[in-house]
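> Below, each chain spelled out in residue letters.
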Amino acid sequence: MKFTLTMSGADLLLLLPEILLTTWLCVVLAVDFVWPQLRKDRLAYLSVGGLAVVLVTLFWFDLAGISGTLFKHMFVVDRLAIFFKILIVGTTLLVILASMDYVRRFRFFRGEYYFLVLMSALGMMFMSSANDLLSVFITVEFSTFGFYVLVAYLRQDLASNEAGLKFFILGIFAAGLLAYGISLVYGETGKIVFSDIASASATPGLVIGFLLIFAALGFKIGAVPFHAWIPDTYHGAPTPITAFLSIAPKVAAFAILLRMLFVSLATFKPAWVVLLVAVSILSMTYGNIVAIAQRNIKRLLAYSGIAQIGNVLIGLAAGTKMGSDAMLFYLLTYLFANLGAFAVVIAVGNVIRSDEIEDYSGLNRRSPFLAFAMLVFLLSLAGVPPLAGFIGKIYIFLAAIDEGLYTLIVVGLINVVIALYYYLVIVKKMYINEPVDPSPLRISGPMTAVVYVGLAGTIILGIYPRPFIDWVVGATLMFSNLVGPTASVLPPTVLPFGG
Amino acid sequence: MAEYSLLIILFAPFAGVIALMFVPNRRALQVRLTAATAAFVSFLGSWYVFFAYDTAKGGFQFVQRFEWSKELGIAFYLGVDGIGTPLVLACTILLFAGIFVSWHIKDRTKEFYIFLLILGAATMGVFMSLDLFFLYFFYEMSVIPMYLLLGVWGSHTQGYLEMTDPAQMKKRDSVSFIFNFAANSKEYAAMKLTLFLSAGAVFALMGILLIYKFSGLHTFDILVLREHAELSGSLAWVIWLLVFFGFASIAPIWPLHSWSPVGHAAAPAATSMLHAGVLMKLGHFSIIRILYEIMPDTTRELMPIAAVLCIFSIIYGGLVAYYAKDTKYVIGYSSSSHMGYVFLGMAALDYISLTGAVLYMFAHALATGMLFAMAGWVYDQTHTREIASLGGLVNRMPFVTGCFLVACVASIGMPGTVNFIAEIMILVGSWNKYPFQVLVAVVGIVLTTGYLFRMMRGVFYGPMEEKYSHSHDAVTVVDRLPLLLMIACTISFGIFPGHVYDVIRSGVEPLIARITEVAPLISQHSGGVMP
Chain V
1 MKFTLTMSGA DLLLLLPEIL LTTWLCVVLA VDFVWPQLRK DRLAYLSVGG
51 LAVVLVTLFW FDLAGISGTL FKHMFVVDRL AIFFKILIVG TTLLVILASM
101 DYVRRFRFFR GEYYFLVLMS ALGMMFMSSA NDLLSVFITV EFSTFGFYVL
151 VAYLRQDLAS NEAGLKFFIL GIFAAGLLAY GISLVYGETG KIVFSDIASA
201 SATPGLVIGF LLIFAALGFK IGAVPFHAWI PDTYHGAPTP ITAFLSIAPK
251 VAAFAILLRM LFVSLATFKP AWVVLLVAVS ILSMTYGNIV AIAQRNIKRL
301 LAYSGIAQIG NVLIGLAAGT KMGSDAMLFY LLTYLFANLG AFAVVIAVGN
351 VIRSDEIEDY SGLNRRSPFL AFAMLVFLLS LAGVPPLAGF IGKIYIFLAA
401 IDEGLYTLIV VGLINVVIAL YYYLVIVKKM YINEPVDPSP LRISGPMTAV
451 VYVGLAGTII LGIYPRPFID WVVGATLMFS NLVGPTASVL PPTVLPFGG
Chain E
1001 MAEYSLLIIL FAPFAGVIAL MFVPNRRALQ VRLTAATAAF VSFLGSWYVF
1051 FAYDTAKGGF QFVQRFEWSK ELGIAFYLGV DGIGTPLVLA CTILLFAGIF
1101 VSWHIKDRTK EFYIFLLILG AATMGVFMSL DLFFLYFFYE MSVIPMYLLL
1151 GVWGSHTQGY LEMTDPAQMK KRDSVSFIFN FAANSKEYAA MKLTLFLSAG
1201 AVFALMGILL IYKFSGLHTF DILVLREHAE LSGSLAWVIW LLVFFGFASI
1251 APIWPLHSWS PVGHAAAPAA TSMLHAGVLM KLGHFSIIRI LYEIMPDTTR
1301 ELMPIAAVLC IFSIIYGGLV AYYAKDTKYV IGYSSSSHMG YVFLGMAALD
1351 YISLTGAVLY MFAHALATGM LFAMAGWVYD QTHTREIASL GGLVNRMPFV
1401 TGCFLVACVA SIGMPGTVNF IAEIMILVGS WNKYPFQVLV AVVGIVLTTG
1451 YLFRMMRGVF YGPMEEKYSH SHDAVTVVDR LPLLLMIACT ISFGIFPGHV
1501 YDVIRSGVEP LIARITEVAP LISQHSGGVM P
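Respectively, the protein sequence lines represent chains V and E.
FYI, this note's numbering numbers position 498 of the first sequence as 498, with every residue one higher than the one before it.
Residues are numbered in this note's numbering as their position in the second sequence, beginning at 1, plus a constant of 1000.
Rather than coming from a laboratory, the hints here were simulated on the basis of the structure.
It should be emphasised that the depicted structure is a prediction, and the values quoted were computed from it without experimental measurement.
Please note that a few of the clues may not be correct.
Claimed, not checked - Here are the simulated lysine-lysine pairs, DSS-like style, with alpha carbons at most 27 Å apart:
hint : chain 1 : residue 1 : chain 2 : residue 2
1    : V       : Lys72     : V       : Lys40
2    : V       : Lys166    : V       : Lys72
3    : V       : Lys166    : V       : Lys269
4    : V       : Lys321    : E       : Lys1213
5    : E       : Lys1213   : E       : Lys1325
6    : V       : Lys269    : E       : Lys1213
7    : E       : Lys1070   : E       : Lys1213
8    : V       : Lys191    : V       : Lys321
9    : V       : Lys321    : E       : Lys1467
Looking at chain V on its own, in the form it has when it is part of the complex:
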């Protein structure tokens, strides 16, 4: 096959956000090398500035409706990809702001930290645009390399080293699965572009291949039974990286899953719905039940994250346009609430140097603002009105009930109550228990900004979600022809309570 690479100026335009970010991360690295005495805060602001420019470009893309494909359909730009890129870049921006105090803990390589974060972000932006199996593999690995280093960044800390090693070994294993799955699918069909594979028939090789790919992506999103790395990695990693890891890679992996399932595998929907229902039920139930027993807030958020991913998978399992809308909206609410919660954890951790839930006792007396913010974020994660998480959950459930996934909804609703319990235990610590050390907590400016962004997002999405719902609906217009014959997947008689 003769491979020619012809690119016009218009093609380059499609790559503009990525080109900007690539240039910028080189600039950040160069500045750090050339000017080692520069205060690292300045590097952070430099990175944030660059990301803000990328974010503006992405919003312009979204409004202008710029779309197209590049490199023989390897790289796609459409509103869906842009939506995911906005989420990723926005998360990265907030994570960098939230890192600024934390970075002082690192003895070495404070400047490279920002470079690595930006590089991971770049990888995940490419992930959102991946449109064939080859680019899936390249982008997934590209984005993960940065994380391998970042997770182990606290060199003196054994937990961080352990986290890095665990993440690395399991990540490499997942990469192996991904490569093997891709090779099987390519061997069976001879095609790698998602839309080309759609016409393939179900052979055993293809099924095994896709199962392996699903397992690798399940590793990225941290769904049960591919979640084993999550608690230890989250616990050991530097907290801003935990926050980053809990949102951005999952969002990017959902972009790939969405394209793969809704485009390549649309004809096999009845099969993968069953798979997703099972994974979703396992994730929600396991995540929530194990979260109850946690004593460390990072581990608790790790397990609650597993459960939240289970919720997102409900939307994916619905397998309709509405399901994908709900999923996107839920990811948006998850971003604000989870990032906000981690921001509070970082802010508190910077002062008290502890992540034990016990040490959150009396937070309301030490810092009413942080306690209130944490209350809002936790309640949003629990799905309490009038916060974003409630709308997200209802949206997901509505999408699922339209498809008749009753079992999933019943399990999901019961899990809402279980989750409420452990979130309220933290609320109890913060508000009801008395502090051991009642000195007020001081938080820095950038940290406050991140918490405010989280609060604003969580509350606005809950009270006035209409523009955001319109946005996600617009982002998934490509799936509007998806009205699959799904009623047959689960017989209507599975209505619970003997209906």
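Starting from the known structure of chain V, fit chain E onto it as the hints suggest.
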């Protein structure tokens, strides 16, 4: 202006919450006045709505509708009918009174009023919502502030002290703690209440989602669903049971009542008032609003369940209240017991009994509000709720004793109070259909007399212990205002029930007509899951 009344009533407390965020916590008086102003605006608004409600026209009035999300079929749709109007009024009276009852709270005053206002506003939101989504939205929103109000500002029950040694502290955070019925700490009460009500809400939500799907209308609009939703067969039964037991858990119907006395006892006075006064009525109200409106046929078939369960509610609640040793438990169980009367009135599906039931909700809100306000006063003065250890307080607080007597008399349903009218309407209206339950209810009244006067005697009469000699009466305007306000309402509505009766009748009449006069469907039991 007039058509925006409901928006003003609903959003005044929320505006108060936002204003409170900018008031510094150390300016306690400013905090209290801000909260009182917000509640007062709602209070005035609801009186206006109550008297401006056109009883000749009936139906939903003061309607406001804003498209919230076309994609999901949700509209922010407010309106009150004859059932909602008096309940909104009861809610604002109690919220306004509650602000003054909790005037002396010193610990984190600002946060207390923020959560109290959210609780009050969310409760009003349920009474006004004409959209299932927002009904659930406000319902769930009213449950969460309860957790903090109970947990932070509540009080422990006797027996809690065994749990406070350091070795046992951890136990209070463990999972087994939820099932540990012996430990009645405020944390336990708060967690139990929140989880219980959320679990109930989740069942109700399942029912609501099923209504959304199987009506096939892609809307949450109650008025559209009422006209066009056709749900029948076993599907309708499933939905009805989910919604009924989901909301009946907050009502609370026996055997789902166990959270309620524990929660009442732990809550600070103003929260108990709102909780027993209006929060519990959310259950009855939601059942009427959803099931009576949307599924009249199924309601006719299945409402006898409530008629059976209300027997246990009335007798069990009454007996436990009689033997309870703690003032707030007595009032809490008496509320559980009295809610059985409302279920009886609702179950009879008779026009007089349902009017009585709605009026009883209103009357009970005021009566129980008074009782809790005064139990809270006594607790603040003596720091105990144990009836046995109290006594002779009439010497120290004659005014409170007098008010307590009025509240007891109202609770029992003495002529001259609005409770009497409500009670008699329930009994008369249900006699034809459920004579046995009416007899039980009469026994319940006797029980009520028994336990309330037993408590009255134990707390206010007899010899007084020396350590309570420092306790004092409600003398300032701020302390007397809430009690006098509720007494005035109870008695004036008891003597002039004309307007409130007309208002409720205009809401109940079409409802009962729909339920009793619809011809039974032929395929009632043959249908499958699909409509």
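> Sort out whether Lys1325(E) lies within 27 Å of Lys1213(E), counting only the CA atoms.
Roughly 49 Å separates the two Cα atoms, so the pair is violated.
> Taking only the CA atoms, is the gap from Lys72(V) to Lys40(V) under or equal to 27 Å?
41 Å, violated
> Between Lys321(V) and Lys1467(E), does the CA-CA distance stay at or below 27 Å?
Answer violated: Lys321(V) to Lys1467(E) is near 70 Å, above 27 Å.
> Just to be careful, I want the Cα atoms of Lys166(V) and Lys269(V) compared with a cutoff of 27 Å; is the pair within it?
Given that 27 Å is the threshold and the Cα spacing comes to 34 Å, the pair is violated.
> Please work out if Lys321(V) and Lys1213(E) have their alpha carbons no farther apart than 27 Å.
Holds, at about 17 Å.
> Quick one, are Lys191(V) and Lys321(V) close enough, alpha carbons at most 27 Å?
With Cα atoms ~26 Å apart, Lys191(V) and Lys321(V) stay inside 27 Å; holds.
> Mind checking the alpha carbons of Lys1070(E) and Lys1213(E) for me, to see if they're no more than 27 Å apart?
16 Å, holds
> Decide if the proposed pair is consistent with the structure: Lys269(V) and Lys1213(E), CA atoms, cutoff 27 Å inclusive.
21 Å, holds
> If you draw a straight line from the CA of Lys166(V) to the CA of Lys72(V), is it 27 Å or shorter?
Distance ~36 Å between Lys166(V) and Lys72(V) Cα, so the pair is violated.
Consistency note: the structure conflicts with the earlier hints numbered 1, 2, 3, 5, 9.
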